[in-house]
Amino acid sequence: MKKRSFLKLLKKKGWLYEYRFYYAAFHAARALLAIKGLDSSKHSAVISLFNREFVKPGLISKESAKTLAMAFAERSEADYDDFKEFDEEETKRIKQDIENFMEEAKKYLSKQ
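One point on numbering: in this note's numbering, the residue at position 65 of the sequence shown is 56, and numbering is uninterrupted.
Hints in this document: simulated from the structure, not taken from any laboratory. A virtual CB, placed ideally from N, CA and C, is assigned to each residue, including glycine. Possibly wrong hints are sitting among the right ones.
Below, a list of computed lysine-lysine pairs in the BS3-like style, where the Cα atoms sit at most 25 Å apart [what the hints assert, rightly or not]: (1) 27 x 53; (2) 83 x 102; (3) 98 x 83.
If you anchor each label on the Cβ, the simulated ranges turn out as follows [to be verified]: (4) 53 x 27: 16 to 22 Å; (5) 31 x 11: 20 to 26 Å; (6) 31 x 82: 16 to 22 Å; (7) 97 x 28: 30 to 36 Å; (8) 67 x 103: 29 to 35 Å.
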């Protein structure tokens, strides 16, 4: 399947945006970790480090931790479940949650 038709399929099924939303949050979490000289290529390790370094000490809200974990779970489900589809309402909710996460990460980064 050509790349263009694959992207069209992702968009049609409602998956394209969830992938982009998750990766935006994932890379924001990695940027925060980079401030502390930390990183991992494993997604689960990034989430664990993020929680340990930012959420547990109260630097970032628990809500943001939930958003990152939820986005990871949704992305994983979309990767491994042949029939996962996201409806419009679910996409809007995920988008709003990720925007809130990104705003909180941006505020923290701007203080550094």
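Status of the hints after comparison with the structure:
Taken as a hint, the residue 27 and residue 53 pair is honoured in the structure, with Cα atoms around 19 Å apart against an allowance of 25 Å. The suggested pairing of residue 83 with residue 102 is violated, with an alpha-carbon distance near 29 Å, which exceeds 25 Å. Pair hint residue 98 plus residue 83 holds up; C-alpha atoms about 23 Å apart against a cutoff of 25 Å. At roughly 19 Å, the beta carbons of residue 53 and residue 27 sit within the given window of 16 to 22 Å.
Checked against the given bound of 20 to 26 Å, the beta carbons of residue 31 and residue 11, roughly 21 Å apart, stay inside it. Take residue 31 and residue 82: their Cβ atoms lie about 28 Å apart, and the range 16 to 22 Å is violated. At about 20 Å, the beta-carbon gap between residue 97 and residue 28 misses the expected band of 30 to 36 Å. Roughly 30 Å separates the CB atoms of residue 67 and residue 103, a value that falls within the hinted 29 to 35 Å.
Of the numbered hints listed earlier, those contradicted by the structure are 2, 6, 7.
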